[in-house]
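Line order of the protein sequences matches chains A, G, L and B.
Mapping of the first sequence onto the working numbering: position 221 corresponds to residue 1179, and the numbering continues sequentially without gaps.
Mapping of the second sequence onto the working numbering: position 300 corresponds to residue 1258, and the numbering continues sequentially without gaps.
Mapping of the third sequence onto the working numbering: position 209 corresponds to residue 1167, and the numbering continues sequentially without gaps.
Mapping of the fourth sequence onto the working numbering: position 61 corresponds to residue 1019, and the numbering continues sequentially without gaps.
Careful, some of the hints might be misleading.
In this list, chains with the same sequence are indistinguishable; a pair is considered to hold if it fits within one copy or across any two.
Here are the simulated EDC-like pairs of lysine to aspartate or glutamate, each with C-alpha atoms no more than 20 Å apart in a straight line [claimed, not checked]: (1) LYS1225 x GLU1182; (2) LYS1033 x GLU1020; (3) LYS1033 x GLU1244; (4) LYS1225 x GLU1244; (5) LYS1168 x GLU1284; (6) LYS1036 x GLU1010; (7) LYS1033 x GLU1111; (8) LYS1036 x GLU1026.
These aren't lab readings, by the way, just hints derived from the structure by calculation.
Number of protein chains: 4
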Amino acid sequence: MAAVGSPELLIVMSASATGEQVDEVVSRLAEAGADAHVSPGKDATVIGAIGERDLLAALPLEGFPGVEQVLPILKPYKLVSRELTPDSTVIDVNGRRIGDGYFGLIAGPCAVEHREQTLETARVVAAAGGTMLRGGAYKPRTSPYAFQGLGEEALAILAEARAETGLPIVTELMDPRHVEAVLDATDVIQVGARNMQNFTLLAEAGRAGKPVLLKRGISASVEELLMAAEYVVKEGNARVLLCERGIRTFERSTRFTLDIGAIPVLKLETHLPVIVDPSHAAGRRELVPPLARAAVAAGADGIIVEVHPEPEHALSDASQQIPAAEFEAFAAEIRALASLMGRTIG
Amino acid sequence: MAAVGSPELLIVMSASATGEQVDEVVSRLAEAGADAHVSPGKDATVIGAIGERDLLAALPLEGFPGVEQVLPILKPYKLVSRELTPDSTVIDVNGRRIGDGYFGLIAGPCAVEHREQTLETARVVAAAGGTMLRGGAYKPRTSPYAFQGLGEEALAILAEARAETGLPIVTELMDPRHVEAVLDATDVIQVGARNMQNFTLLAEAGRAGKPVLLKRGISASVEELLMAAEYVVKEGNARVLLCERGIRTFERSTRFTLDIGAIPVLKLETHLPVIVDPSHAAGRRELVPPLARAAVAAGADGIIVEVHPEPEHALSDASQQIPAAEFEAFAAEIRALASLMGRTIG
Amino acid sequence: MAAVGSPELLIVMSASATGEQVDEVVSRLAEAGADAHVSPGKDATVIGAIGERDLLAALPLEGFPGVEQVLPILKPYKLVSRELTPDSTVIDVNGRRIGDGYFGLIAGPCAVEHREQTLETARVVAAAGGTMLRGGAYKPRTSPYAFQGLGEEALAILAEARAETGLPIVTELMDPRHVEAVLDATDVIQVGARNMQNFTLLAEAGRAGKPVLLKRGISASVEELLMAAEYVVKEGNARVLLCERGIRTFERSTRFTLDIGAIPVLKLETHLPVIVDPSHAAGRRELVPPLARAAVAAGADGIIVEVHPEPEHALSDASQQIPAAEFEAFAAEIRALASLMGRTIG
Amino acid sequence: MAAVGSPELLIVMSASATGEQVDEVVSRLAEAGADAHVSPGKDATVIGAIGERDLLAALPLEGFPGVEQVLPILKPYKLVSRELTPDSTVIDVNGRRIGDGYFGLIAGPCAVEHREQTLETARVVAAAGGTMLRGGAYKPRTSPYAFQGLGEEALAILAEARAETGLPIVTELMDPRHVEAVLDATDVIQVGARNMQNFTLLAEAGRAGKPVLLKRGISASVEELLMAAEYVVKEGNARVLLCERGIRTFERSTRFTLDIGAIPVLKLETHLPVIVDPSHAAGRRELVPPLARAAVAAGADGIIVEVHPEPEHALSDASQQIPAAEFEAFAAEIRALASLMGRTIG
């Protein structure tokens, strides 16, 4: 059989599909500018479609009469794929680097609660050689009665922490109407797990011109995470850090199930750096160090952990924040392991 | 033992917890204005906390040293709970009613694609006795390369469909900056599954003064759905329709797993009407009628289904839309079953 | 392009696969007596394999260098598939029928606890027009400290209940060494959810010559359930009742998530009858009636429910058994709905 | 309030529970020899039950009228719990040790396919310093048409591999009727994931007098895994190796989701050694090394990996077996990491 070009899509027609139904699919492909190669058979007819990947992905062929399966041959993402960009991306934030051998150690409180708590944590993170400071100003909370963050007041505190320690800031953007305020205070825009498919927010983050830390939704597949990153990169911003933070499964002995396998899968699929949040997956602070170590050993480009001077008085995620007093020892352990894995803390 | 008031929270201290650790929990409870009743024991000490439910829910006691478990006795939601509001809510939209015996049959295309497709579907829905017309103007799509909806053009088409058929309109709000435009065109604001925990959007929807159709997130628990509704009601808008539309599980023979058990659970827990979207759960049109019937039999207050004049040419969800030509028969079957269940199509 | 026969398998080779790697796959297919049709291309080469379905299914082609995906075109099951046996199977047990319009109402206690409890329940089930009596003699329990069933004593009690009421008996087989004893007492052999992939037990059940009620495992896919049934039918026993009883998901407001969508999917895929166990899915008795009704409306061929004279004193599953006193009303409600769906209680 | 002993169970009665309903629960507790402490209140009455843990666990109080929740304070397992046996168990198999600082590196083919394949792999495992040889004689397969293992012939080949290399053997027991044959050939009895709740098999394994490698079921919770181990230990055999091998979730980019968090949770809960099977979780050989490293870093006491001289010709699990030629480098990497974690390969 002669070379026929490689199909992007295979459409399997059911055994009982009529010739007209096959023709209808073929002419729909033609409308979309795609070539169709039909292999008829006894039990099923297979149509190979060759054309522009984006156009084919958008074509709703499953709905056609007689179509049994539509099998994508190529991945639906382009800009984020390692296939198209083989070299690993290094993200440089004010001289701190993450990706391709540079390991990011991002730490800080779950939420900015008051000035002293934040500055004290920032000093501990800086002293232990951390890469960036995290801290929430706007907090998405399951309950409307829970602490929702200090908002603009928190942004000012974070700016002060940056001024004092030199640590770049990571904070979450929840509302497209906050873009300006958040951009003034932050060096990296975090898009939280609950907003991973808030597509208008992703587009805003993409247009903002600063690196984006994109957290995987608790029920998002690896492919959906990559498609969400594609939304950001499509706006012209290729500086995206992907963050695995645990998925929701039936198991309840941890808060979420850290999908450790997603790390090597993502490293194969994309050129973007992949970091891990062990705190939200663990839900209990004694589980954070083993999960953080596992992330490093599995090949992550960094971790983001919650640290608090007095976790028992924290206003959110109290049970999973590491006490600031223990952070230096934790950082040393991570550094030793990262070094064995051939990584340098950036 | 004398009556001690009924605790909202039980805090179980580990066997090895010290007296100081118990005291610390008790004084934290006192700070929050709560009474503590301590039952010390050999293997575990149990502290019962009595106070304001909202304050206790926000208290991060899991983080305290010596605390093994925090067991909530009462549910975290208030305004939406049937416990506090025993009578079922009826939502009236321009004379169409849903809830407490009134069954809503909401139908229409996944997306508004062009004028004729939408008007034709609206006429079919109206003729078959449908309650409202659904249709997406802004479409959240996994891929940035897929059809994203016609936006304001779609809103104008929906307004025309309403003018012609009298059917109230349901359309999705995706961005808080679209509130005004969407409010002009719609009678019910839909908040989609991906935005169920987009809390700034929920608050906007709550303040908008129109009924809200709130879809359950694909990995949201029933409790989280109720907490999301609590965000809306807290803004003063008690006209919320809860919508079960399938959750993400390991099973792939349907697009999502319709959580049929959530219907009777929600009917017990809340006074709000509960409707079901069988189309998104099914993912294949031949499965929509059995899932729709199951929803009615399980006690739902309505269904919302996708209907399209030519599903095979739909720009989104092509495989799961019911052909408009089959809608009348479908509606008749649903009506017969609703009637057996003691419901009237509103 | 000429007809080339319809492939059972498509093997997608990665863009970087060498000619030798393609040749190796082709020669492995030839060894297995299969024809290979190679469509080379720029981004991927696709190999279509045509041959015996069983042989191809057993071929581990994913392991070959250069292979990116193996896409099965045909389903892996044969004997149970509706494709090969279009007519629905009716299972006749001592004159009681299930399948193809005959609806089975199977009821009885979770476990046989003592003679009076069982006989009393059997009388109630018979009086309400039930089809068969269920009751566990050997109970699989998560805890070794929980009640494990009365064993042979229970089998004798079930035999007595059958003698008195004429109801055929359904009881669970847990151990291949119990086959003889269980066969003497039962009319239908139940294989429980935990043993759905206990393949030696499935083969024993297949050889025993009595109908088999096969429960879906809590994390088994619909396809795996059908493959488990294939194990039974392969031994020459085509009288298999498939039973959906809830799958394990993240949701905890019900004991399991009843996969209501599995019912219409199974009805499309297989000629075997499909029944539903609402009791184990619900976990709470007030949820059993709505789930049972949903099962009927979704097209199930029967239900199997737990009934107990005094649920609060039951030794297992106490919270989900329906009180015997309420069974008649329950049965009447199910009968009315089954009748609307065109089914007769067999 | 005076010390009242520490309750094993808390029973929360609903707000509307009557005094008689409370009394009924209390007298049921008394029947079971337990003390009840009643704390009545406005919204809920809480009953604390103090008595024998096993008896209370078996008491089906959820079924009682008026009972809203039953909250266990203590864990349901005893013999396997670290609470009762604080020192970590070391399992010695012919001089090879696993647990408490000794790391087990178990490797070998998925299935014994023929003599040379097995002996060649055994030599590679021995040369690289492996702890034991794994190899399946009886293979549980989803499809009845797939290779089911060589059975007794395989057992003889494994015995020969042990004689030549001195490596202890791990092989799976699938059927209680095979106990004798398997015991002759193996040093460690494996109970597979599909049989984790095959309780008659667990009891046989417990009575057999050899160490048991117990794999977690794909949808078993950590607690259920521990309860399954309790079944084995209850028969007098405390030499149980627990094995995490991936759970079933919605994510499909790996074959299963390795529950890396289960390792530190199990290390806290039980004194038994915890090992990890990265091969079955990964499903693709390029993912096995990162998952194996993650397991070591998370604190596992060993790993069990699949190795084959020619994976592409393997009769099962072809895509996930490591080529024998790469095993030595893999073992060296694991050894370095285990050493950093303070473990010695036993």
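Hint check:
For a Cα distance limit of 20 Å, the shortest separation of LYS1225 from GLU1182 inside one copy, 15 Å, qualifies, whereas the shortest one across copies, 31 Å, does not. For the identical chains of this complex, LYS1033 and GLU1020 are neighbours both inside a copy (17 Å) and across copies (18 Å), given an alpha-carbon limit of 20 Å. In this homomeric assembly, LYS1033 and GLU1244 come within 20 Å of each other (Cα to Cα) only across copies, at 19 Å, whereas the closest approach inside a single copy is 38 Å. In this homomeric assembly, LYS1225 and GLU1244 come within 20 Å of each other (Cα to Cα) only across copies, at 11 Å, whereas the closest approach inside a single copy is 28 Å.
Within a single copy, LYS1168 and GLU1284 get their C-alpha atoms no closer than 31 Å, and across copies no closer than 43 Å, so neither meets the 20 Å cut-off. Proximity of LYS1036 to GLU1010 under the C-alpha cut-off of 20 Å is restricted to the intra-copy arrangement: shortest distance 12 Å within a copy versus 37 Å between copies. In this assembly of identical chains, LYS1033 and GLU1111 lie within 20 Å of each other by CA distance neither inside one copy nor across copies; the values are 43 Å within and 32 Å between. For a Cα distance limit of 20 Å, the shortest separation of LYS1036 from GLU1026 across copies, 18 Å, qualifies, whereas the shortest one inside one copy, 27 Å, does not.
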